[in-house]
Structure formats: C-alpha cells, structure tokens
Amino acid sequence: MDETAPVTAALLIIGDEILSGRTQDKNLAYLAAWLNEAGIDMAEARVVPDVEAVVVEAVRALRGRYTYVFTTGGIGPTHDDITAECLAKAFEVPLQVHPEAHARLLAHYGEADFTPARQRMARVPEGAVLIDNPVSIAPGFQIGNVFVMAGVPKIMQAMLEGLRARLKGGVTVLSKAVTIRAPESAIAGDLGEIQAAHTGVSIGSYPFFRDATGQSGAQIVVRSRDAAALEAACAAVIAYCRRENLPFEEN
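When we follow our numbering, the leftmost residue of the sequence shown carries the number -8, and every step to the right adds one.
I should point out that these hints are in silico values taken from the structure, not numbers from a laboratory. No residue lacks a Cβ here, since even glycine has one placed at the ideal position from N, Cα and C. A few of these clues could be false.
Derived Cβ-Cβ restraints for the label pairs, each shown as a range [claimed, not checked]:
(1) A94 - K159: 23 to 33 angstroms
(2) Y197 - T106: 29 to 39 angstroms
(3) K159 - E184: 34 to 44 angstroms
(4) A52 - A24: 19 to 29 angstroms
(5) S207 - L97: 51 to 61 angstroms
(6) E235 - K17: 33 to 43 angstroms
(7) P238 - A44: 51 to 61 angstroms
(8) S176 - D123: 22 to 32 angstroms
(9) E184 - P(-3): 17 to 27 angstroms
Under the rule of at most 16 angstroms between Cα atoms (straight-line distance), these lysine to aspartate or glutamate pairs were calculated in the EDC-like manner [stated by the list, open to error]:
(10) K167 - E241
(11) K80 - E48
(12) K159 - E28
(13) K159 - E240
(14) K167 - E117
(15) K80 - E43
(16) K145 - D16
(17) K167 - E28
(18) K167 - E235
(19) K80 - E117
Work out the full structure, taking the sequences as your base and the hints as a guide.
So this is what it looks like as structure tokens:
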C-alpha cells in the first residue's frame, strides 16, 4: 500500500425522509470535518431512498471506489429499516442474528419489552463486527470497509468516536483562507492562473453577500497536505490582492 496515497471515504445517506425534505441531514458536515481531522478525504456523498436495489447498487459501487464507506440511517426496528438486509445482499452473505447484539438488546429492554420489531436490530450480515452504541444500545456494524451507523446525529456521532482505532488516516489536509472585500469576478480570472502555477494545492472561491459588516466579497480557500505549497499559494493570492488594490484579510 502506498503510504502517501490519500485515504478516501464516501457517505451513503439512506432514507426517504431525507429525500422528501421531512428530515434535514446533519451528518454529512459533521462526518466530513471529523474525517478531515483524521487525515481522511470525504470524496463523495450520496442520498438514496429506502429501496433495496438502489442501496445495494450504491454500496457495491462506493466500497470498490473508496478506502472507507459510511452509511447512515435504516438500522432501526421498523419495516422500512432495510440497511442490514441491503448490506448482506451487497456482500452476498446471509443475514443473521448477532449473539452479542441480541444479548445487549435483551438486557436493555427486558424479556417483556424485547418485541419482534426490536429484535430486528440484532440482525447483521454474516461476518460483520459490531459498532458500539453508547446512546441507545442498538449497535451498528462494520462489514469489509463499510461502516453502518444510525441516522440520528447524536447516535451517529457517538458511534463514530468508537471507530477511531479501526481507521487508518493519512496526512491531514491543511487549509488557509483569504477574504477579499470585492466582487468575486475581481479575482476570478487570475485565480485560475494561480491555481495552475501551484501544483499540490486546491484553491476554491466562495462568494458571500451582505455579511456581518454589510459587505459582499469572496473567501478564497487554499487546501493542501504540503505546508510549504499551501503558504506559497496563499502568498500568491495576497500578492495579487495587493497589486490590484483589493481589500483583503487573512483567516
């Protein structure tokens, strides 16, 4: 394995409620920031409905393309929580009751309240390893390079913390920003030239309108794993701003 190669990840968000707009996803931004700190690049995110064929196809595509795949949603007790079934089909293994998951849920709910619906949450694909859930007991699971987690943000975040030791990170991406108090078009053309002259960096321009100061402008964000390359590209952006008399500030 190339130790210098980026470690990549994708997020698969599963749920009709996200696509309908009834529920607003809050996991993508949190996971992307968490992974960035671990030196893992979030390279893709998909939102798919609770349709078995669609979920299976997405899992198969993503797990072959990225180092890690994270899924959120669809591991609860109701009929439309089909993620476990979908992962079993994606990996072509049987779905089975995990003894440890069953024991944890039984101890939590008690015999009388451990209903058939709740027993569904003990099912995982054969060969899967549990992901602890310190919030509401019902575990997620890992199979291959796919990590299956709850959709509720508080639970997803708690599950994620338990995965640190399982994930191999790369070199953390560094970032710096230069905010210009001028229309984005004032730097747009030359920004392309600066990008072309500085390999190993990514430069993005993000316009804003009527910020706290009542002004409009753009934030130029430079990202790189190479600290020297990052500084050089930022210096080029600042030099341009000074040359063109564009008001700016470093962030």
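Which of the numbered hints are not met once you compare them with the structure shown? 2, 8, 13, 14 and 18
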